[in-house]
Amino acid sequence: KLSGREEQAFAIQATDNPNAYDAYLRGLAVETESLISVYPLQKAISFYKRAVQLDPNFALAWARLSRMYSVLYSSFGDRLGDAKGALERAQALQPNAPETLLALAYYQNDELRDYKHARETFLRVAKLLPGNSEVPASLASIARREGQWDKVTDYSEQALVLDPRNPALLLRVAFNYGDQRQFEMARSLLDRALQVRRDDVEIRAAKAAMYQAQDKLTEADRYLSDVTAMTTSYEAVGAKVTQLRLERKNDEAVELLKTRVAQFQFGSEVEEAVFGYFLAFAQYVAGDSAAAQATAAHTRDKLVQLTREQPDNDWLAVMLSQTYAIVGDKAAAWKEVERVKTITSSLSDAAIGPFADENVAVVATILGEKSRAIDSLSHLARIPYSGWIYGNPITPAVLRRDPIWDSLRSDPAFQKLCQDKAHSSTRAD
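If you count by this note's numbering, then the sequence shown holds residues 77 to 505, one letter each, in order.
Each hint should be verified, as a subset may be incorrect.
[Unchecked claim] In silico DSS-like pairs for lysine-lysine, Cα to Cα no more than 27 Å straight-line:
(1) 227 <-> 203
(2) 378 <-> 411
(3) 160 <-> 125
(4) 446 <-> 406
(5) 325 <-> 292
(6) 378 <-> 334
(7) 492 <-> 446
The set of hints was computed from the structure by calculation and includes no laboratory data.
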């Protein structure tokens, strides 16, 4: 049974244009095609844009369009549209509608990184829609960014009580546990999600990553067996490439990425640059220096242009710094490393801020600065965070397996990191 406020919220007139409403519903449906992939977001955006073209006064569609732009930017560093402009249109039409307030909260959280005001806005929505699991799930996301890991768990469990069979929510909470290296708990949540979406490629990839973190590569491989170069998921292809690298099948990883770069229809320049970087890195790990430098040089030029357009995008800056390292431009690589630190420091995000330290470790390893790399890895091994390289924080297992770190293996300090089992269950104090 809906509360009075919920009934009032849902009673808001959407649109008198049936074609606009049809486009809106198609956008909502497309969003559910995949839980975290960029591709459904891009398709949903096209439907919401169609809806507001057909009815410029369709506030719900404007709000949803703004949300998709914000989520796409925060998740993939891809700014395909004007989240602020779409939000302002929704606010002008229906400023107090729950969808408008949710769009505002996501804009504050994902684009502005204004966690204080995002929290306040989500709490306003909670009063309108007290049974909506999206609010505690989003409060968990804010607590995660603030490094309040106990609150992350509390809010996540509140959300699951409200919506225990929501696969997107189960996946999100599993990632929160993965950030804290509680991989068994994460896998149990992913099993629940797979009961709802048995063949979902991204849930399966997430479960594979949890197995990879604990050196259970045989189990991980079972969840990645259907992933190919043409699979429409960043996460699944990334997990597959990681699996091949951990198995030291570097040539297979290179061929998979070559096929994707050559044949896949990318939806944006950012996406194209991302996979160019992945290919250059795979070629470097495989020992094909000439091919790696050629691919990296081509990708570097794209990344330079993209970082000029998006100077606050830490994801692009990480890839550019490592691309500079692969081509041997040491000065440019370290300059970009420092820029990554500046960006992540300004974000005040405890979950993804350590991207900067992972980046130092990779760049230092490529450039032969072993002590600097090991210092960064030692710090990362002690903290919970959302990992860039593996989708999880580093663990002794991935340090032992991954050929990225082969040049560090003779150092006793690195050997200790590989052997210290205590790090595999790190939690925040």
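Status of each hint after checking the structure:
no., hint, verdict
1, 227 <-> 203, "holds, 20 Å"
2, 378 <-> 411, "holds, 18 Å"
3, 160 <-> 125, "holds, 14 Å"
4, 446 <-> 406, "holds, 14 Å"
5, 325 <-> 292, "holds, 16 Å"
6, 378 <-> 334, "holds, 17 Å"
7, 492 <-> 446, "holds, 14 Å"
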